[in-house]
Amino acid sequence: MPAAVFELANVSYRYNSVVALDDVSLSIERGKRVALLGANGSGKSTLLRLLDALYFPDSGMISFAGQSLQESRFDDVEFAFDFRRRVGLVFQNPDVQLFSPTVFDEVAFAPLQLRWTRDEIVCRVNQALDLMEIRHLKDRPPHQLSGGEKKRVALASVLVLDPEVLLLDEPTAALDPKSQSQIIDLLIGWGDGRKTVVTATHDLGLVEDIADYCFVLQSGKIAAHGEPSELLRDQTLLERANLIHAHRHRHESGKVHSHPHTHPHRHE
Amino acid sequence: MHIPDGYLSPATCIALYAGSAPFWYTALQRMKRALHTQVVPLLSVFAAFSFIIMMFNLPLPGGTTGHAVGVGIAAVALGPWGAVLAISIALAIQAVLFGDGGITAIGANCFNMAVVGSLVAYAAYRAISGRAPIESPRRVIAAACAGYLSINVAALFAAVELGIQPLLYHDALGAPLYAPYPLRIAIPAMMIGHLSVAGIAEMVVSAGVVRYLQKTEPFLLRATAPGAVPGLANAEPNQAAHASGWRATKRLWLALAVLLILTPLGILAVGSAWGEWSPDDFSNPDTRAQIATASRNQAPPAQAPRGLQRLATFWTAPIPRYAPGFLKSASFGYALSAIAGAGLIILAVVLTGWLSQRLPQRKGRGRRQTSFVERTIATLKAASEYSAAADEMSRSGGVLQRVDPRVKVVGLLGMVAVVAASHRLPVIGGMFAAALGLAIVSRVEAGRLARLVWIPVAFFTGTIALPAVFLTPGRALFVFGGIEITAQGLRSAAFLVSRAETAATLSALLVLTTPWPWVLKALRIFKCPMAMVAILGMTYRYIFVILQTAFDMFESRKSRTVGVLEPRERRRLAASAAGVLMSKSFQLSGDVHLAMKSRGFRGEVHVLQEFRAGVADWCWLAAFVFSAMAALWLGR
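Going down the list, the sequences are from chains A and B. Under our numbering, the first residue of the first sequence carries the number 994, and numbering increases by one thereafter. Under our numbering, the first residue of the second sequence carries the number 2, and numbering increases by one thereafter.
Incorrect hints may appear among the rest.
As the list claims (entries may be wrong) - So the derived label-pair ranges between C-beta atoms look like this: (1) A:F1049 / B:L633: 52 to 62 Å; (2) A:Q1120 / B:C620: 33 to 43 Å; (3) A:H1129 / B:A614: 22 to 32 Å; (4) B:A22 / A:S1065: 37 to 47 Å; (5) A:S1174 / B:E446: 38 to 48 Å; (6) B:R613 / A:H1129: 20 to 30 Å; (7) B:A631 / A:D1112: 41 to 51 Å; (8) B:G131 / A:F1049: 32 to 42 Å.
No lab work stands behind these hints: they were computed from the structure. If you're wondering where the values come from, they're calculated on a predicted model, not measured in any experiment. Don't be surprised by glycine CBs; every beta carbon is placed ideally from N, CA and C.
Whole structure, please, built from the sequences with the hints as guidance.
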């Protein structure tokens, strides 16, 4: 079995005329936790959608577990179901992902599409609800939930398939600090190191918690890659990729100065 | 244009359900073929958009408000079949959940607005836009015409359906049993409001949104553009092929369009018609003779009935400021009744909507000068609060809450049908008492029912039934200084009000004791196609997402504007808000489709069946069936 889950070779993708990804090559190893770092519009979400075979590259090749991902291959039900079961994507906006009338239906959506048996579905859905600690919300309509609860439902709706690869788009965006840390704790606890997790984020504070390896994206290209600890030390790189900003502040002496600023550690 | 329960006879309702059915069937068949595309979420989001657009209150002359339907733009973006489904779904949700339009009249309302509206809009759009490029201004004009035409033709259909009721259904003495106004009143009454304001609103929405889409999402216009591959694929238009069939009939369509616009005007131009006499007509010898001839040679009273006089001036109060010269013309009487009717219908619709949305949280009572922007915000907000309250109640442990939703859907809707068919007041009263009993054991407070159902329905049907009390000929019961209240008049008014109240209470019980998702699931026993149920569910869900977006947009605009906006500014604001909302809706539907695909969606919807009917549920079903049969027998 190949060590790389995903292998991208010279992948480009454009929306109409706007280039979203430009000649990207990278490989993601099995069991690794990988972060895709980049500012808004750097191509992170596009890359995730390509990895989930929702979009297909205009040029270049993507392969999953040694098999190339081409649009025509998804006409084959066996292949499509196998891929969808093994790879799950959690969208940034939970409203996009929660389209079912109740939380239970939402979590049951994917297993139903994959034609699991009824008893298995009920059992697995309940497990996923327990994992995300949302069993009490089972019969509620998703639109009435809080932001944090919606995110948990969105996660449960993907984790119910127990995928090998979990793709996360800004998992903590627009969440309050407490919900953020709960989601991160859940993700750290999930999979005990056997699963591949790819997280797109611009929150550098998360990186060391959720990733063993990072790719920095800038205008659709890979600007750098490496271990989080090295990358986070490279201030020029981070500033160029719009991931950090100059922090301007006034000291007691009255002197105003500015220096590059990150939020590398979170204190609870 | 939302016909409520009790205005159409059961036979008309059934006929119109039957009339809509083949279109629904065809639309679903067409949709099935396109299911693997973005169609499912697009339809859902579009239905939600139409639902919301019907809540955008636009200012009308005279201080009331009206709304567009969104059928024009739906037909342009989704094609006729997609639009039929999208608008039908919006209407069904409005009727079942928000009491806007009757349950028995869903068939009628869907036929008028969804079926007729979509087909007319699509035909007009295709005929006028021709082979013009996607970015052409001609497409904007075509969409404007499509919107204007479709809403007016839909209104005409509604008017005809209402207008034939007194003709076909009246008691032995001629007192109307259902909608009281004959064609000659109903048509101008409906058409004036729609030709003048609601039509313009629809026109602005259609044109504005198409203009917006041309700039931002041109590919969405390709589906219905000539030469483009059918379906919603992102295909390049093939200019050379196709279009010859349409071209040949273009003139025909245009002529038909012009005729359609002129028809109601033609009717309006006919002189004084039966039942629409001005107070002056009663003292003029010429017109007196005409009235007598038209009324089977019965001479009219020597003086105009004072009640008619008073009611006529009461209804038209806002209008004289608008067209004083017009009212002095020869067709004074006709115009008066027409405008009065239009005013009454619009006023009643607006007030019912306003009352039902506002009453649960009436705060700013002293403030009359709220702009329509604020009113729209309030409506949007109240809608989501209403649903939250309903959801909460449906989860409390009353008796009906424990009954299998399928049994409830069949039982309560069956009772509604029986009420509509019943010809005896005591039977309707008994059904009402039964509904009350069910409400009590289900812990639905009378106060809430009164706020949500009884008061708005009484107000709405009351305003329509009131003239019948005075104007129905028959044995006089009371006489107050020249105004006669007849037994027949009272009887028909009582029928109208009691039927509407009982039907509305029963439907409210269903919705208040059953979480909406379960109502949807229960629909499956009626062999509703899976895809349809899924779309209904998603529509309901996205109504709230778009509601929130609309709400936020209006709030942020409001926070950035100082002082009072010019009416023109306000209209521009509403139009641009509709455009942005549409664009956001489309984007949402694209992303939703990806999210579905990501979890294995391949065009077929699979749903989990969870209900298990127990002995108690079977007993309830038996009880419902028994009481419905009994009521049917007693009320025949």
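Results for each hint:
Evaluation of the 52 to 62 Å hint for F1049 (chain A) and L633 (chain B) yields a pass: the beta carbon distance comes to about 60 Å. As the Cβ distance of Q1120 (chain A) to C620 (chain B) is approximately 36 Å, the hint placing it in 33 to 43 Å holds. Distance hint check: the CB atoms of H1129 (chain A) and A614 (chain B) are about 26 Å apart, consistent with the given range 22 to 32 Å. Under the hint 37 to 47 Å, the C-beta atoms of A22 (chain B) and S1065 (chain A), about 39 Å apart, fit the expected range.
For S1174 (chain A) and E446 (chain B), the Cβ-Cβ distance of about 42 Å falls inside the hinted range of 38 to 48 Å, so the restraint holds. For the pair R613 (chain B) and H1129 (chain A), the supplied restraint of 20 to 30 Å holds, since their beta-carbon distance comes to about 22 Å. Range check, A631 (chain B) to D1112 (chain A): about 42 Å between beta-carbon atoms, so the 41 to 51 Å window is met. Hint check: G131 (chain B) to F1049 (chain A), Cβ distance near 35 Å, so the stated range 32 to 42 Å holds.
No hint from the list above goes unmet by this structure.
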